[in-house]
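Chemist: One letter stands for each residue in the lines below.
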Amino acid sequence: MKLLPKLLGVLVAAFIAAPLFIVVPMSFSTAPSLEFPPPGYWLGYYAAYFTDERWTQPTINSLIIAFGTMALTMLLVTPATFAVVRHRFFGRGLANLMLTMPMAMPHIVLAIGYYSYLGDLRLTQTHLGVIIAHTALSVPVAFLILSANLKGFDRNLERAAMSLGATPLRTFWHVTLPVLRPGFAISALFAFIQSFDETVVAIFISGRESETLPRKMFESIRMQADPVISVVSTLLFAAVALVILAPVVWKAVRKRPNRDCARGGTPAAKDAAPQDVNPCAPSRVQLEA
Amino acid sequence: MLSVLNRGAAAPGALKPWLLLLPLVLFLCAFFLVPLGQVALMSVTEPEFGLGNYAHLTSDSLYLQVFINTFLTALGVALCCLLLGYPLAYLMAQSSPRVAALLMLLVTMSFWTSFLVRTYAWMVLLGNNGPITAALAFLGWNPPPHLLFTRLSSTLAMVHILIPYMVMSLYSVMKRIDPALLRAAESLGARPWSVFRQVYLPLSAPGMVNGATLVFMICLGFYVTPVLLGSPQEQMVAGLIGTQIEEFLDFGQASAMAMVLLASTMIVLTVYHRRFGLDRLWG
Amino acid sequence: MRDPYLQVSGLTKSYGSVQALGGVSLDVEKGEFVTFLGPSGSGKTTTLMIIAGFENATSGSVRVGGRSLSNIPPHARNIGIVFQNYALFPHKTALQNIMFPLDMRGVPAAEAERKARAMLDLVGLSGYGDRWPKDMSGGQQQRIALARALVFEPSLLLLDEPLGALDKNLREQMQIEIKRIQKSLGVTTIFVTHDQSEAMTMSDRIAVFEKGRIDQIGTPQEVYRTPSTPFVARFIGDSNLLPGTVLDPDQGLVRTEHLGLMRLPSRLAAAAGAPVTLMLRPESIHLAGLAAGVSEDAPNRADISVHTVVPYGDSTLLIGRAGGADLRIRLRGPEADGIGSGAALSVLWPASAIHAIPAV
Ligand SMILES: Nc1ncnc2c1ncn2[C@@H]1O[C@H](COP(=O)(O)OP(=O)(O)O)[C@@H](O)[C@H]1O
Ligand SMILES: [Mg+2]
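Protein chains in written order, with numbering that gives the first Met the number 0: chain A, 0 to 288; chain B, 0 to 282; chain C, 0 to 359.
In isolation and in its complexed conformation, chain A is listed as follows (with noise of 0.2 Å):
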């Protein structure tokens, strides 16, 4: 390999890393407003962060609206991904477009659409109104994830259940559950994480009584006031690295081959590449932002 491509390449890497760490010393600034590099330091902003009510209240009603739309998630698509991936039925494909169409739709679309639908129904302005918009927009993720792990989920087991003695519903329990569960962490991880990240609809819909906290950091952005929002951000940014970190970090400390995802002990599942560190990130695509 040449050498040039080579340092190119780091280039990049560097174009993506500096400004993802720039925000870290921006938190602990004592600037009032953006200034780089700052002038001192100190934590005044994460305290004013953790004491003012104007971004507490964003946060808490952030983290109530993400588990809202998990739970609503879930709770909806896991029954149809069974439906989808273990049935041949007359609207298959249909029923597949419909639960990956809000992927590929432009959010400000959408955001008009629930302006105006939700304000008919009085639902703007309150959390269910926004759980149910994230809850709209996070389908297609969690029928994603979760149907590539039931795909990959090896039948046999189940077969294999039954025939040692256990009722179908005992089956679902002790084996297929079981064996699904990462599958079903990550589907609703993601479900999470697109309605705590999620920014157009709420802008639109979520107003003052259940302001997220996406929406409160664009406009605190667009005033370009207030300095706490370095302190958000690298709050986000540390959240987000541990996260990815902490099952590399795992997977090190314990150093033991990793677990297919919900494959089971086949012996093809073994030969899974083990270096992937999230072999499910690429599915987070959403016309968002």
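By construction, these hints were calculated from the structure, which means they are not laboratory data.
Predicted model only: the values in this text are computed from it and were never measured.
Using 25 Å as the maximum straight-line C-alpha spacing, the simulated DSS-like pairs for lysine-lysine come out as follows: (1) LYS174/B <-> LYS250/A; (2) LYS174/B <-> LYS5/A; (3) LYS182/C <-> LYS29/C.
Some, not all, of what chain B presents toward chain A, calculated at C-beta under 7 Å: (4) PHE26; (5) LEU27; (6) PHE31; (7) LEU35; (8) VAL38; (9) LEU83; (10) PRO86; (11) LEU87; (12) LEU90; (13) SER109; (14) LEU115; (15) VAL116; (16) TRP121; (17) GLY220; (18) ILE240; (19) ALA257.
Even glycine gets a Cβ: it sits at the ideal position worked out from N, Cα and C.
Starting from the structure of chain A, add chains B and C with the ligands where the hints point.
Modeler: Same frame as chain A, now just chains B and C with the ligands:
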């Protein structure tokens, strides 16, 4: 759930899958299709029935300008992402697993960091008191240029925000290129550049198409970053739609623009689907 | 007459327009080891899945111990299955996997564990109870799967190509092991494979599958010596198949297309002039002059010119032209020494080595 397990057993009945699907389908009808339909409806009924809003879109050169601007920006961002993403993905594909994992970690981290955080970071970088302006001033550019709230700042930030999509698309394809093919080409007398040009590049083309399509589509409807970092004089479609609503409460005009935006996105998707099949796009 | 233990009759199965099974019938006695042998796609798995209750037959029935299984769900059939990929539960240890069927039957935990440990002993993995499936080798997983399928004393044991994923040495070891365990428990067993030597060494009887049907059921000797179709003759062992027509059924005389007149050991059931295929195993052909007790006069002899010599170590395969067709001859040990390509040989075979396959 009980009967899900027995595909073949008892009455197969087409009813069972639909029963399992029913809650979700009803939900999506009520809270996805209907709101979407309402947008379509508003575009022809607000403020009065007719195609007036669409006529307005074509007659007023401002709108046309915004659409062209959006299209060109999306194209440019997709191209930049491709040009920058390719060397990185190539580096990852050619490196040892450890280095590749490390780089993947970085890309994944960027991918998962909120758009808002990354947009804010660019505000810091490009601000009047930021490091880039300072560097330009140091190099003798006096007075240093205004970088923020220009087409440059929003494009730069969008490239940064969307490049992970491109790198992931490219890497997933490159990782599957059999190194034996490259060695075979070399053993058949190809020089390194020819190996790349004749073998590697064509084999990685699906990743380029996937990544570029994704980036282009997301960029078409991008709201947050252009609104926060872009020039108010050179809005993109999504931003203009937002303005129509927030400032003028002109739902009809906003909806008509939204429908055109939606249609453009659907056209890109359909063309992609015709040629490559949609299921490949979502990775 | 007493009913057979397992009675499969007239099974057919269609997937849309594809017919997977076209009428499979067979009887298995209690304690018997029957192998389903056939190429991939011939319907072995489908038959097994119908017996186990995971697929519904389009028509036909399965009875065990005189009782029809048609309305019994899989979990109530008491049939043990070993899958090709083992299907061990990845979230349970080896011991927990083996205890699973006992749990499902409400066996108290202590007794379940005792039985499961006894099974671990039987399959030779006493110390491995706490291992996770992913931490075990293919052969070990195989044994755990076997133990799990046997611990609840099933009325029937089904094994679907259980050795397919193992390498050659381990395969042979497991063949012996499975046979030993099956014998010691006396469980009625159906074993699926596409490997003919595996079928020959393990089975009491072999059912040869072709295109969704059973061509022949018989002991390994029977299917080898007296195949009932050309397919069986070709699929099991090496053979020369000689097309011909019956000349004199009472005398057992057949005129073959390429090797002229042949005399069979006994009279033929077919009428004069009927087409017939003769099978001649390569190892029953001898060099003229060396074979004791074989008369040297025609018929049952040929002059060939050798064009290919394949040494196998313990034997040598010669392929030569005779009467416009290839004839395969397998000579043991040193008999073939000095025979090279281009050699002209005179060969002969006893009438008893010829088996007539009626034309279909
Ligand atoms: N679920 C299915 N759908 C359609 N065809 C099937 C299905 N299962 C098996 N078949 C077909 O039935 C035939 C027999 O398959 P199988 O019983 O698996 O063969 P074997 O186990 O002998 O290899 C094959 O032609 C196969 O393609
Ligand atoms: Mg099979």
